[in-house]
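Required output: the full structure, derived from the provided sequences and hints.
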Amino acid sequence: MKFRVFATFVGPSLLLMFIFIAAPLAAVFWQSFHVTQPVYTTVVAETCTPGFINQICTTESRIQLELDEDGIPIRTTEFVGLQTYRSVLELDRFWAAVKDFSWSKLMVIDFWKALRFTLTFTLVTLPLVIGVGLLIALAVNSAAKTVRGQIIFVSLLPFIITPVIGALSIRWLFVGDGILTAFLEWVIERDIAMLGHAWTIELLMLFYRVWHVAPFAFVVFYAGLQTVNNDTVESAVIDGANRIERLRYVVIPHLMPLIVFVSLIHLMDAYRVFEEIVGFRSQGYVISLQWLTYDFLTPDETGNRAVSSASASAMLTMVGIVIILVPLLRKTWRDHRAGLN
Amino acid sequence: MKLSNIFLAGALALGTGGAWADCAFENTVPLKSLTAGFEAWKAATSAMAECGNFEAELDQEFRTKQPAAFAAEPSLYHIGGVSNGTFNPLYNAGTIRPLDDLVAKHGQHLEPNQLIKINGQTWAIAMMVNAQHLMFRKDILADLGIDPPTSYDEVLAAAEAIREAGVVDYPLGGTYMTGWNLGNEFINNYLGFGGEFFDENNHPSINNEHGMATLELMAALSENMDPEFLQSDSTYVQQQFQQGKIAMANLWASRAGNVVDPNESQVVGLVEMDSAPVGPVRPHAALWWDGIVIAKNITDEEADAAFRVAMEGIDTEMVMANNAAAIWLIDGYEPGPLSAGAAATAANGAVPYPASPALGLMHNALGTGLSDFLTGAKDAAATLIDIEAAYVTAAKEAGLIN
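For the record, the sequence lines run as chains A and B.
Going by numbering that gives the first Met the number 0, the residue at position 340 of the first sequence is 339; the numbering climbs one at a time, nothing skipped.
Going by numbering that gives the first Met the number 0, the residue at position 122 of the second sequence is 121; the numbering climbs one at a time, nothing skipped.
Treat each hint with caution, since some may be false.
[Unchecked claim] Computed Cβ-Cβ distance ranges for the label pairs, DEER-style: (1) A:Thr331 / B:Thr374: 39 to 45 Å; (2) A:Asp69 / B:Gly348: 38 to 44 Å; (3) B:Pro29 / A:Ala21: 38 to 44 Å; (4) A:Leu328 / B:Thr374: 35 to 41 Å; (5) B:Val280 / A:Met317: 47 to 53 Å; (6) A:Ala21 / B:Asn207: 49 to 55 Å; (7) B:Asn207 / A:Gly177: 37 to 43 Å; (8) A:Val43 / B:Asp99: 16 to 22 Å.
Calculated directly from the structure, the hints in this document are not laboratory data.
All C-beta atoms, glycine included, are put in the ideal place defined by N, C-alpha and C.
And the structure:
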């Protein structure tokens, strides 16, 4: 292909990738090393606000923003190096906790608490999603042809639901005296509060994510199962391989590239866990790295938002994803090289 | 709080009908408003819409949109709904206009109490006040022979008796959801003990005996609540009341109407509104107001129309049609038993929510920092130290302290 033709085809998508991926990433990277601040002044002012019957007027010092001649707040931006990263990571408290060998001290520092949950969440859901997805695929593959369509449709439903809505609906089954809590209370005859303990909320969140994502793994594996070489399977049967052995030595090696693909996608998705935190309102008990970024970015009652901290936290999340993907990417790369030779 | 409130706002939008007379003039200038989504705003914006050419956006997350939307040139909204806290970012950024001329022209009927003034200039028109105050089941307290509690010691004693009698699931309800709600509970209780949040240089000063007393009080109260209290927002507490699951709570006055609404409540006529429990210095509650502001980055003609429409929205007719929706500051409001709690709280000396950029940061730090204490992951002393440290980090990044 001539370079001109190649460039005409690839150019537009490169341009869009630059605008929507590279440029924002560079901006976040830059923001994480800089702090932009307004200039505050304290003035004494009389403020009158409504009382119940009469107005309450108080004269007190008021923190105000300094405005320029156009009435726009003056802002200064300065380079702060790694300072924001240090304050997000809270390294002083981290080392203090490490020196004391105190897990409980470490687990009250926001970033490390969030990292602990994010890693647990990612690494626990990964094998479950792959396993459950494979099981459904195998089950559907051996089901009668007449009902396959219906089974596939029903199995796909959880994946179609918007994540936040799915999380909310599971929460509503358990919150307070929700249907399932009431049922469990009736079965074991004691009061339970599923959303009153960190570990029960975490269990619900893990269950929800597996329920939500397993259909994706199922669809991919089911497609892969259609291409398994029947001759190989038949020879395995003749050689006396049972079901498990056929699965282990024929089917799974055949599906391996797809398993790696699903793992990659799932690791990236699960490390950015966020909807579960919002849907299950778990922020009092467990938080994730992505939620931490969101929390920095949310303006408070008086409009402050910590953009630098949010940027640093977002960069750290990205670094985390890269680290967690390295083993799988290396494997894919090696396989790729082996394929070339 | 956030998602469920959005749904609540949606439900209200479908539920409330207009029963008041038409607008006094016909508006020809296209106008937009951005306000919170609770019942009082629904009533006010519906009345504004009758003037024509008016589009209302009701959103419980308005506080995250408003500063940027009003800073645009021209402003994306003409009328804004604000409260003590959300007024500050707009005023500080200079994106709202002084209203004295407009008040002189179209607002002669306004009560002096409604005018929010800074250094003599009017910047906002308040329409209602709000406060958290004690609501309790008078039937349960009467059965057990308990007098209406006036302090948290008495509330805790009453809770103990109610728990022993076993008449409700949990003696207390509380808006203890991690985040804004939880931070607000600390602020309420800390004000009652007479605590100061900052020194004169905006450095935090909550790590003291008042802070410790507040944490002890919150822990003691939470033991009498549904174990899921860290997820419990105003709507949840309101529902707990409506379903007869709790006997007492320090809940928003703006929820009183819902608590005893015959269409959704099982405890109609059984809930009494009383002052927020009084602490050593003042009641454990802050006073809030809600009102309207007009954007600066719009033409004078638009501002004039916006102000007239807003005045139609918060007029006597609207109040008479929606008397129970809020504690209105507007002429024509008939205070009833539902407003008694907020009135008593104010009479007992509650102070306005001390909104400032520093308190905004502190509110956030409290909201996320307190849950580790209430779940038992941290002790009280460490909690206060960590919250102060979180505040200092945030205040440094915001440029409030060096």
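Hints and how they fare:
Taking 39 to 45 Å as the suggested C-beta distance range, the pair Thr331 of chain A and Thr374 of chain B conforms, at roughly 42 Å. Hint check: Asp69 of chain A to Gly348 of chain B, Cβ distance near 43 Å, so the stated range 38 to 44 Å holds. The beta-carbon spacing between Pro29 of chain B and Ala21 of chain A, approximately 39 Å, falls within the hinted interval of 38 to 44 Å. The hinted window of 35 to 41 Å between Leu328 of chain A and Thr374 of chain B holds, with their beta carbons roughly 38 Å apart.
Between Val280 of chain B and Met317 of chain A the beta carbon distance is about 49 Å. The supplied range of 47 to 53 Å therefore holds. Separated by about 50 Å at the C-beta atoms, Ala21 of chain A and Asn207 of chain B satisfy the suggested range of 49 to 55 Å. Separated by about 41 Å at the C-beta atoms, Asn207 of chain B and Gly177 of chain A satisfy the suggested range of 37 to 43 Å. At roughly 21 Å, the beta carbons of Val43 of chain A and Asp99 of chain B sit within the given window of 16 to 22 Å.
Taken one by one, the earlier hints all hold for this structure without exception.
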